[in-house]
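**Q** Sequence:
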Amino acid sequence: MDLVLQPGEVVGLTGENGSGKSTLMKILVGEYRPDAGTVTRSGRLGYCPQQPVVYERLTCDEHFELFGCAYRMTPNEERRSRRGLYAALGFERYAGTRADRLSGGTLAKLNLGLAMLADPEVLLLDEPYSGFDWDTYLRFWELVAHRRHTGTRC
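First residue of the sequence shown? That's 932 in the numbering used here, and the numbers climb one at a time after it.
These aren't lab readings, by the way, just hints derived from the structure by calculation. Some clues are possibly wrong.
Unchecked claim - Simulated restraints on C-beta separations:
id : residue 1 : residue 2 : range
1  : 949       : 972       : 32 to 42 Å
2  : 948       : 1026      : 28 to 38 Å
3  : 944       : 971       : 24 to 34 Å
4  : 1052      : 1010      : 17 to 27 Å
5  : 1023      : 1058      : 20 to 30 Å
6  : 1077      : 1001      : 16 to 26 Å
7  : 1008      : 946       : 16 to 26 Å
8  : 971       : 1065      : 34 to 44 Å
9  : 947       : 1032      : 31 to 41 Å
10 : 954       : 1064      : 24 to 34 Å
11 : 1061      : 1032      : 30 to 40 Å
Cβ atoms here follow ideal geometry from the backbone N, Cα and C, with glycine treated the same way.
Turn these sequences into a full structure, and let the hints guide you.
**A** Here it is in C-alpha cells:
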C-alpha cells in the first residue's frame, strides 16, 4: 500500500469492523511496527485514538499543559491553541474538570483537542466523533473544513 497525503487533503479510511483500520492508524503513528515495508513521516503528526488516552486525575487544562510540553510548545502557544480548541469544540466550561468526571462526549472532545493542540500537518483521527452530540458533530466538521481551507488552527 502506498499513501501520500498532501496539505489540505481530507482522506477517509473505511472498512468493515475488524478489517484493520485502527491497526493501520497505529502503524502510521509508530505505535505498532509493520510486518513488512516502511512508513515515512515528515512534519508534526497528531493522533486521536479511538479510545481516549488520558490521565484520570488531571483536568482538561492540565492535559493541554502536559501535551504542550511534550510538543515543545511555549506556554503562550499552548494557551492560545487550547483556548481556540475549547471555543471551537465548545467545552471551555470543563477546563478545570478532571478527566474521570467528564462525560463520554466531553472526553472525546478532549481527546480530539489534544491531537490538534500543536497544529499538526497530518492529523490521524480514529472515529473522532464517537460520543459527540449533533452540535459537536457539526462543530467538528466546521473545524475540519476550516483547517482544510486555511491551513491554520481554530
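**Q** Does each hint fit the structure? Answer for all of them.
**A** Each hint, compared with the structure:
1. 949 x 972: 32 to 42 Å: Given about 26 Å between the Cβ atoms, the range is violated.
2. 948 x 1026: 28 to 38 Å: For residue 948 and residue 1026 the Cβ distance comes to about 35 Å; the hint holds.
3. 944 x 971: 24 to 34 Å: 18 Å, violated
4. 1052 x 1010: 17 to 27 Å: Check passed, 22 Å falls within 17 to 27 Å.
5. 1023 x 1058: 20 to 30 Å: 24 Å Cβ-Cβ, so the 20 to 30 Å window holds.
6. 1077 x 1001: 16 to 26 Å: Between residue 1077 and residue 1001, where Cβ atoms are some 24 Å apart, the hint holds.
7. 1008 x 946: 16 to 26 Å: Distance hint for residue 1008, residue 946 is violated at roughly 36 Å.
8. 971 x 1065: 34 to 44 Å: 38 Å, holds
9. 947 x 1032: 31 to 41 Å: Distance hint for residue 947, residue 1032 holds at roughly 35 Å.
10. 954 x 1064: 24 to 34 Å: Cβ of residue 954 to Cβ of residue 1064: about 29 Å, so the range 24 to 34 Å holds.
11. 1061 x 1032: 30 to 40 Å: 19 Å, violated
The structure fails to meet hints 1, 3, 7, 11 from the earlier list, while all remaining hints are met.
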